[in-house]
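J.: Per our numbering, the sequence shown runs over residues 1380 to 1858.
Derived by calculation from the structure, the hints in this document are not laboratory data. Just so you know, not all the hints are guaranteed correct.
Said to hold, decoys possible - Once the Cα atoms are required to be at most 25 angstroms apart in a straight line, the calculated DMTMM-like pairs of lysine to aspartate or glutamate come out as:
hint, residue 1, residue 2
1, K1538, D1515
2, K1749, E1720
3, K1403, E1839
4, K1827, E1839
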Amino acid sequence: MRSSGVLLHITSLPSPHGIGSLGKEAHAFADFLAEAGQSMWQVLPLSPTGYGDSPYQPISLFAGNPLLIDLDTLCEEGWLSQEEIAPPDADPRSVNYPQVYAFKRPLLERAADRIAASLPDDFGAFCRKQSFWLDDYASFAVSKRHNGQRPWWEWTVRKQDIPSFEQDVQNEKILQYLFFRQWETLRRVCSEKGITLIGDLPIYPGRDSADFYAHMPLFLTDGKGNPTEVAGCPPDAFSPTGQKWGNPLYDWDAMRQNGYAFWMERFAHAFSLFDLTRIDHFRGLESFYAIEASAVNAVRGQWRKGPGEALFDRALTRFSQLPLIAEDLGFLTDEVHALRERYGFPGMKILLFAFDSGPHNPYLPHRYEKNCVLYVGTHDNDTILGWAASRSTAEVGFAADYLRIDPKEGLREGMIKAALASTVDRVIFQMQDLLGLDNSARMNTPSKAHGNWCWRMTEEEMSSTLATHLRRLTRLYER
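Assemble the whole structure, with the sequences as input and the hints as a guide.
T.: Given below as C-alpha cells:
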C-alpha cells in the first residue's frame, strides 16, 4: 500500500521547556500528520543520550530518555506544580542540552520522590516486564551520576559509598515507568489516527553504556572491559582513512551459544514500542568491519562475518513476523542484498544521493524497487535547500533536468513531488524539508562531533496551510 510520512524526532517538537516531549505537543503533531494525510511518523532512538547528545551513542539501548518526559502531564497528575515548572528562557529553535538537563533533571527527581511515597499499583508489573534491562540500567545511571557522568572505567565512587543508592535506583525506575507510560499514551493517540510509528534500532551500544557494562561476555574484550576491536567503516571517496566509531563489537559466537537472547530482547522491546523499526547499519549483521581498538584510524580494519540468517531465523521462532526496515546504505555486497531479500525487509533509498554520478547512479528513481522506503534525505543529510546551496551547478542542474523541475515551483517542491510520484511503497520526508528550511536546520552532520541533534520546530510551523498543501499532494499521488 502506498503511504507517506514524516521524520521528526521527539526532541524537535515545540515545547516551552527547552526540548520536545511526549505530551500535548506530540499529540498535536499527530493531529497535524492526520490533517496532512500522512500515515507514518518516524522518530530517532528514544534512549538516554551519551557522547555528543547523540541518540546513536546511548547509555542504554532499552531505556527511554527521561528528558523527554512531559512536565505538564506530571502537573496534571499532581506530581509537580505549575509554579515549579515555570519555563526557562529557552531558544524555541534549538535544544541546549546542558540547560535542559539543569532545568528538568531536578524536577523529574522531585516528581520521582513524591511518587515513591505512594507507588502506582502497576509499577511492580512494569518492573517485572522490563526486568531484562531495568535493574542494570537504573544501577548504571545512578553510579554514573554520582561519578560526575564520567565513563564507568573512570568511576571512583562505588555503590556502597552512596547512602541513597537504593532509593536513587528506585527513582530511576520510576522515571522509566513515567516515560513508557507517556509513550504508550502517544502510541495510542497515533493508532487512533491511523498513524504508523517507526522507531530506530542502533546496531551497537556505546562502550560507556549499561548494556556493555552488564553484558561484557557478549562483546569482544580482553576480559577486563577493554574492547579488543571496535566498529567502524572502511575508507571510501568521502573519508580516505575510513571511520572509527569506537563502539564495542559483539562476540557473535557467544551470542549464538545462548540463542541470541540479547538480540531477541532487543527485538521484543522494539516491537512493543513501534509498528515498524529501522535497523541502523543492517549490513553489519551480514558482515561487519572490525578495527583494532588501538588503531588511530580505520584503514587497516578487516571484514568479519556476522550472524546473518541465523539471527533472523532464531527471531522467527519467537515472533510471528519481523516488522523491520533495513538501513542498507553505504558499501553493500550481494550477500547483504540477499539477506535483506530473504526476509522481505524493505531497504532504503535517498533521493539526494542520486545526482552526483550521472545516469547510472543506483539512487535514481527509475532504479527503485517497490519494496523500499524512500527519503529525500534523513537526519544524516542536509536539507534540500542546504544540499542545493552546497552542490555543483552541474549536479543541481542534472537533478532539475532528471526530475523535470518546474522553475516556478523550485527544486524543493519538485523533489517532494518526485518522491511522492515514485513507485516505492513508502516515502518519508524530513520535517525541515516540508518547511523549506536551509542548512541551519540540519539535524546531524556525521563528521561533526558537537552541535548536532539540536534543531526544533515551532508550534506555528504545524500550520493548517502546510497540512492542506501536503494532503493535496498526498491524494494526488495516491498515498
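J.: Does each hint hold? Answer for all of them.
T.: Hint-by-hint comparison with the structure:
1. Straight-line distance between C-alpha atoms of K1538 and D1515 comes to about 13 angstroms, which keeps the hinted pair within the 25 angstroms bound.
2. In summary, the hint linking K1749 to E1720 is supported, as the alpha carbons are separated by about 12 angstroms, within the 25 angstroms threshold.
3. With a CA separation close to 15 angstroms, the supplied pair K1403 and E1839 stays within the 25 angstroms bound.
4. Note on K1827 and E1839: the hinted pairing is violated, with a Cα-Cα distance of about 30 angstroms set against a maximum of 25 angstroms.
Figure legend: structure checked against the earlier numbered hints; the only hint not met is number 4.
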